[in-house]
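2 protein chains.
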Amino acid sequence: MTDAKRVPIGVSARHIHLSQAHVEQLFGTGAQLSEFKALSQPGQFAANETVAVYGPKGSFAKVRILGPARSATQLEVSRTDAFALGLKPPLRESGKIEDTPGIRIVGPAGEVTIEQGVIVAARHIHFHTSDAKKWGIADKQLLKVRVGGERGVIFEQVLARVSDQFALDMHIDTDEGNAAGVATGEFGEIVE
Amino acid sequence: MTDAKRVPIGVSARHIHLSQAHVEQLFGTGAQLSEFKALSQPGQFAANETVAVYGPKGSFAKVRILGPARSATQLEVSRTDAFALGLKPPLRESGKIEDTPGIRIVGPAGEVTIEQGVIVAARHIHFHTSDAKKWGIADKQLLKVRVGGERGVIFEQVLARVSDQFALDMHIDTDEGNAAGVATGEFGEIVE
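Chains as they are written, first to last, in this note's numbering: chain A, 481 to 672; chain B, 481 to 672.
Warning: the hint list may mix true and false statements.
Which copy? The list can't say, so a pair holds if one copy fits it or any two copies do.
Within a straight-line C-alpha distance of at most 25 Å, the following computed SDA-like cross-link-like pairs (lysine to any residue) qualify [to be verified]:
{"no.": "1", "residue 1": "K568", "residue 2": "G665"}
{"no.": "2", "residue 1": "K614", "residue 2": "P536"}
{"no.": "3", "residue 1": "K568", "residue 2": "G629"}
{"no.": "4", "residue 1": "K568", "residue 2": "P488"}
{"no.": "5", "residue 1": "K517", "residue 2": "G632"}
Calculated directly from the structure, the hints in this document are not laboratory data.
Here chain A stands alone, though its shape is the one from the complex (with noise of 0.2 Å):
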């Protein structure tokens, strides 16, 4: 018998969330995401559509946009894409882009320039309310996570975040799977 915390780990690309104001600027009036392939919070999509992205020293020429439809939009990349872009986001918890960097978005129908928006996303987890209670975490606990292998790193201040509309799933950056050597659908323990 082990107690182990073993939690599945999502490595998250480069991505962009859009407000519906900025669907409609960036891809026509009345346009509507459309489901490319389920994430594994419920309810989350990535769509088929896709962005280009203008920093003031480079750019990326597709980016996935995440669905549904957010109340603001938000560019999420990992730090080596920030100095491609020529950008210093900060670290952050999603949704809290205040005092956070703007861009210029290019879609097929229009673009827009955000006053505010790209960030790193900080590394946490999604607790269903159940998992949470059973392991006795809370929301916003800090929590150590620990990636074994060849390249085995211990991530400390991992976001939990708790709620009854969550799936189990460790988020990372491609930064932080790449220095651990891990990739989607493999396993950290939480251990402390």
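With chain A held as given, fit chain B onto it using these hints.
This is chain B only, laid out in the frame that chain A set:
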């Protein structure tokens, strides 16, 4: 009083070591690497010279050469770089290049395609013999090193390399530096 085993960290961007034969193939007969900047390890330097490298999927126009020339040519990239090049190099200690991918290298006076030599460098610490003795660390020992901060991590599988030719320095790549939010000149602590 503290006996914390603090180690300066150097974040290595992609770089290449060349054999003298390849220096001359790429830069001309009799060419020598010239020093741009001294590195932390005695006698090692970043050269003024750069080369372009071409993988099956992508390329990098300016890859810094580290000198002096070595017995075998070796390109060290991050996993992020490897994806961009379209290669799958293994994680290796420097110098262990058997069964690694090759790549095309282009200089101002010629080009060469190596059959092997592309690696992702395994994280490691150079210890001067006196540092290792003081802290009871043996050559080839695997250590754990903690880096704090908002993106704190503990790196496991950190290879100790001990020599009286070395200066104390921990080397990680850009994915690892970005994942830990750490830059060259900052410090880690050996915790095990």
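Check: Which hints from the list above does the structure break, by number from lowest to highest?
Finding: The structure conflicts with hints 2 and 5, although it agrees with all the remaining ones.
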